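Protein chains: 4
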Amino acid sequence: MKKPVVPVTVGGTVSQLVRKMGGTAFQGRNLARGVDIWSSMLEADVTIFMGLAGAMIPAGMRQVMVYLIEKRLIDCLVSTGANLFHDLHETLGRPHYQGSADADDRQLAKSKTYRIYDVLASEEEFDSTEQFVTDFSQRLDPDHAYTTREFFFLLGSELAREGGEDGILSAAARANVPIYCPAIGDSVYGTGLATALVKRGRHVVFDVIADIVEMVHIACAAGSTGVIYIGGGTPKNFIQQVALCGHLFDKVLKGHEYAIQVTTDSPQWGGLSGCTFDEARSWRKVTPDAATVTVHCDATIALPLMVSAVAERVGKTLPERKKPSFRLDRDLTVL
Amino acid sequence: MKKPVVPVTVGGTVSQLVRKMGGTAFQGRNLARGVDIWSSMLEADVTIFMGLAGAMIPAGMRQVMVYLIEKRLIDCLVSTGANLFHDLHETLGRPHYQGSADADDRQLAKSKTYRIYDVLASEEEFDSTEQFVTDFSQRLDPDHAYTTREFFFLLGSELAREGGEDGILSAAARANVPIYCPAIGDSVYGTGLATALVKRGRHVVFDVIADIVEMVHIACAAGSTGVIYIGGGTPKNFIQQVALCGHLFDKVLKGHEYAIQVTTDSPQWGGLSGCTFDEARSWRKVTPDAATVTVHCDATIALPLMVSAVAERVGKTLPERKKPSFRLDRDLTVL
Amino acid sequence: MKKPVVPVTVGGTVSQLVRKMGGTAFQGRNLARGVDIWSSMLEADVTIFMGLAGAMIPAGMRQVMVYLIEKRLIDCLVSTGANLFHDLHETLGRPHYQGSADADDRQLAKSKTYRIYDVLASEEEFDSTEQFVTDFSQRLDPDHAYTTREFFFLLGSELAREGGEDGILSAAARANVPIYCPAIGDSVYGTGLATALVKRGRHVVFDVIADIVEMVHIACAAGSTGVIYIGGGTPKNFIQQVALCGHLFDKVLKGHEYAIQVTTDSPQWGGLSGCTFDEARSWRKVTPDAATVTVHCDATIALPLMVSAVAERVGKTLPERKKPSFRLDRDLTVL
Amino acid sequence: MKKPVVPVTVGGTVSQLVRKMGGTAFQGRNLARGVDIWSSMLEADVTIFMGLAGAMIPAGMRQVMVYLIEKRLIDCLVSTGANLFHDLHETLGRPHYQGSADADDRQLAKSKTYRIYDVLASEEEFDSTEQFVTDFSQRLDPDHAYTTREFFFLLGSELAREGGEDGILSAAARANVPIYCPAIGDSVYGTGLATALVKRGRHVVFDVIADIVEMVHIACAAGSTGVIYIGGGTPKNFIQQVALCGHLFDKVLKGHEYAIQVTTDSPQWGGLSGCTFDEARSWRKVTPDAATVTVHCDATIALPLMVSAVAERVGKTLPERKKPSFRLDRDLTVL
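Residue numbers (numbering that gives the first Met the number 0), protein chains in the order written: chain A, 0 to 334; chain B, 0 to 334; chain C, 0 to 334; chain D, 0 to 334.
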């Protein structure tokens, strides 16, 4: 009981303000700890998996994500399908719109406007992007079972060739950051491909099991792994379970050594999304002495703050991060 | 402002007590409304999709789910992989255990015990069930891309043949209630099959897009659809998106006409799991005048209560529910 | 890890269903534990303090509270002013009304209708009850500093003399269950008395410190104390702090030995309302080995359930509870 | 649907980053709106009431509060007793300490250490501060019924005379910012005064009703009022109810015209702490067209951010804020 709480003072740069929160308590202290852990991961050149759930792209987090990819503040992204669809949507020049959470939804339905809390989207514009997905699928090999990484790499590469401002998919293709999507059917990618299946008799078959094998391969190739979860859902669990699968490559994975989650869920509901990293310790998904923190905060506040603080802190001093040590190709499973 | 709040009095049967909550307010009133809507669905013979997320089987909800399937209080189940794995686990005679949320997780890790909030599981026993999944996969056709429904029907049928007390999978196979799992890779099914892929060179390829087509087919074949969501996650969205896909079969789906969700999430975080059914109206996922309710309550309280109340209410008066009007087979997509 | 989770089955009486939840997990198990602890308190004849926060009377919990008082399932009530005002309001024959959480509030304002989530109240009717408070105050002694217990005892006695169906105040006056209100100014009692002060030059002075002394006296006179918190707020803390004040009467209070809270708050925000009973142990507000449980659930569901289950369980077997061992009068402080 | 979401980019000053959040969604957008509304209040010279609940001082928010008072970013403070006690504690040179939410509470109890989530306090040091309160009370007039404002003004003045770094109480006394505490008995002020009552036969009688009258007087004297709520509890309601009491001074108060709340509560539980400002509109506590926002975020993150952004934004351009237009003395009620 020797370390006093140091009342935060007003002002300073973003990084300084966050650092001062580190001397306080509750979620402010946790936010600061998140920045510390992230910075430590970068300094130690840990392979960083990020899980991304929630409607983060409609909520304006797309350029933060692009930054993370381009600056290599993460090494591998696992996302819901929705976020990757919304990214595609914006890359194709179709924005999301600022609306109100109190909108008249029956009226919105009449005007063919979708609502995502206080964000709106045009049904017609969404349909065009879905159509793009359907069309894109026809350019893929009907006889190949794709990992979702392959699918998004091909899609991102095509978008990158088109030029324009990078989004998540194109930036990741350029930077060779793999993207996985464990529930790809649960999104407009799914419904766009369902249209391909029914109306054109040709769709994309995904080898969702091979996704797991690749992820485990990345973890086995890494000296050390860390995780950052924005929300829970399938991305979080999909990354967590990797730590249990070293036996695929006859290795013992000791668990993630760094772990940050930003969540609005709580442990008492018993679900994986809100569970503590202590619980994860019982599974050996994280190591006994992992550096962990849960930041209970809406990611639209916490993510820009944390990334701005990390960027400010490591920006000048950090050497360019090493290239990732993993290589992924179709023959991965016989490596 | 003509209808007074009627203070709830102590006592009565479960159904009576819940009905009395209907005269009160806040989530008690919503719980009662959930029972009303569910009962209405049964009386109107609506096709009912249930989404099941959260660790509901470790939390003791397995027999409630079996009841729902056997009594046909639901027609189609969409679940996380975890719940279906935990069901398999218990069907194979391996229990979950009562523990404490305050357990020493480092100690649990040493004793190879997994914790799920206040529930424990044996790592060894989990491994045995995972092994069962790996082995089961070797009995499937390596040249067929399975829908998750096919996979779980085959697995459930095998379990049903073994006899013993029914679980979700076996009961559903017997009752011909289809089960979908949009993120099957995100569970021990996924890791068990990854082992099959790496160690035995033969796994299961899932056609996750065909899942969508089947679900839309079911909705198109129904006169009217209703939804019940226990938690959010992929099951909720996977069922919601069906309402937008009538065009696959050249139909206009008007949206789900009944909708219940039991959730511990909140709308202000902007995610699909916690969003209101009003938001769903803007998408026409539910009809403008759908009967909807969100019950903000842990499902371990709300689900046994609601099902017991529904059972008590409709038990004696309801004629046996009609057989489902949909037929699912491998040729579905050419129907 | 010897005790398996026992899946809950559908049906049974309220008490049986809750007991079955006790074999499950998460908040269902906690709810069952709450009933167990409450029953234990009754069997051990513990002095039970209940804290009541939240708009529980508009939400239809008034008759449950009356039942608790009449059947002596609690011994002392600490409440927000609002609940006690709403009780008075209903005792005077003015109901709360069922409304909708989605109402048009600007329109409600125009029609002089107050909204409390999905409950409505008439501004005019509220004004009449406020007027009653103002008038009542003129019948009190302007030269006496009242404890809030005295005030509510006098008010409840007057209401009891009027006859009619009992509410909280009249039932408590009859049953000699003391009621405390640590923030009485923060309610229509406060504003009604402010009117008395400004417009009639004569109001009521409360000795809010003497309230504390009385509460500590009750705790010191009890062999053992237990607490039940419906929500947090001032009632919870006001009861908790009693355990730290034995020195007032030169006693060592060891802390509450039984503790139940029903809350929708969470520990991670750092406030007293959502904090754990473990945290309370560090303060010795509860004993090291106290029987404690937090039920994370809306009280409009949990309270009728728990009380119905307790009533069913102890109803037939329990001898009439002993009279409380404390005596309160104006000379308390010189006892 | 004309205004696109503008993805936030990494970096900038605190104010710039928050402003960029304003182009996004969910709570990030709300946080930015909170800064906008606060800035508008300052520019329009509105009388600003702040409500402060939660353990904000142990959580390191004391210097932010001092800043708000000294720079006159608020005009009147309503607080829980705990925050004002913790402020006194630190002013007397006794810190709170950084701890862990996972501490062993039984061990803490043995070492006489109190825990407030992840903050610790020494029981002995708390006792010393409580003793200070008891002693201070003996220097007050036993025949006067004090408003809590008077009490804290006298206490703050004494502290200010002692010199040293200012805390909330001393800064407010210097700056003539009134402080109210509607539940003063519910804190160590209460227990310290209870000791005075029992052990020294002389305590402090508070006129908690006069507090209301003064608050209404301030509102009536203001051209326009705004509110900022950090948490809910009694401070929020105590300020809200002022808007309904213009009749005390034969005025019609139209309601607060600006309203910000930072909360971790949610509307669906029906309580006043989590209710929307729309609900407040039905009561005319806020005007129909008030500028309002609820920021769902832990205040340990939101408050330093918002205040730093406000300070940065208005710091250079704003003329010194006018002195408050109200005057408070013992004869207030006959003004």
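Just so you know, the hints here were simulated from the structure itself, not pulled from any lab data. Here the structure is a predicted model, which means the values were calculated and not measured. Don't take each hint at face value.
Calculated lysine-lysine pairs in the DSBU-like style (CA-CA distance at most 30 angstroms, straight line) [as the list claims (entries may be wrong)]:
hint : chain 1 : residue 1 : chain 2 : residue 2
1    : D       : Lys109    : A       : Lys2
2    : C       : Lys198    : B       : Lys2
3    : D       : Lys250    : C       : Lys198
Going through the hints against the structure:
Of the pairs offered as hints, the one joining Lys109 (chain D) and Lys2 (chain A) holds, with about 20 angstroms between alpha carbons and a cut-off of 30 angstroms not exceeded. Using a Cα cut-off of 30 angstroms, the hinted pair Lys198 (chain C) and Lys2 (chain B) is violated, with the two alpha carbons roughly 35 angstroms apart. As the CA atoms of Lys250 (chain D) and Lys198 (chain C) are separated by approximately 13 angstroms, the hinted pair is consistent with the 30 angstroms bound.
Consistency with the previously given hints fails for number 2 only.
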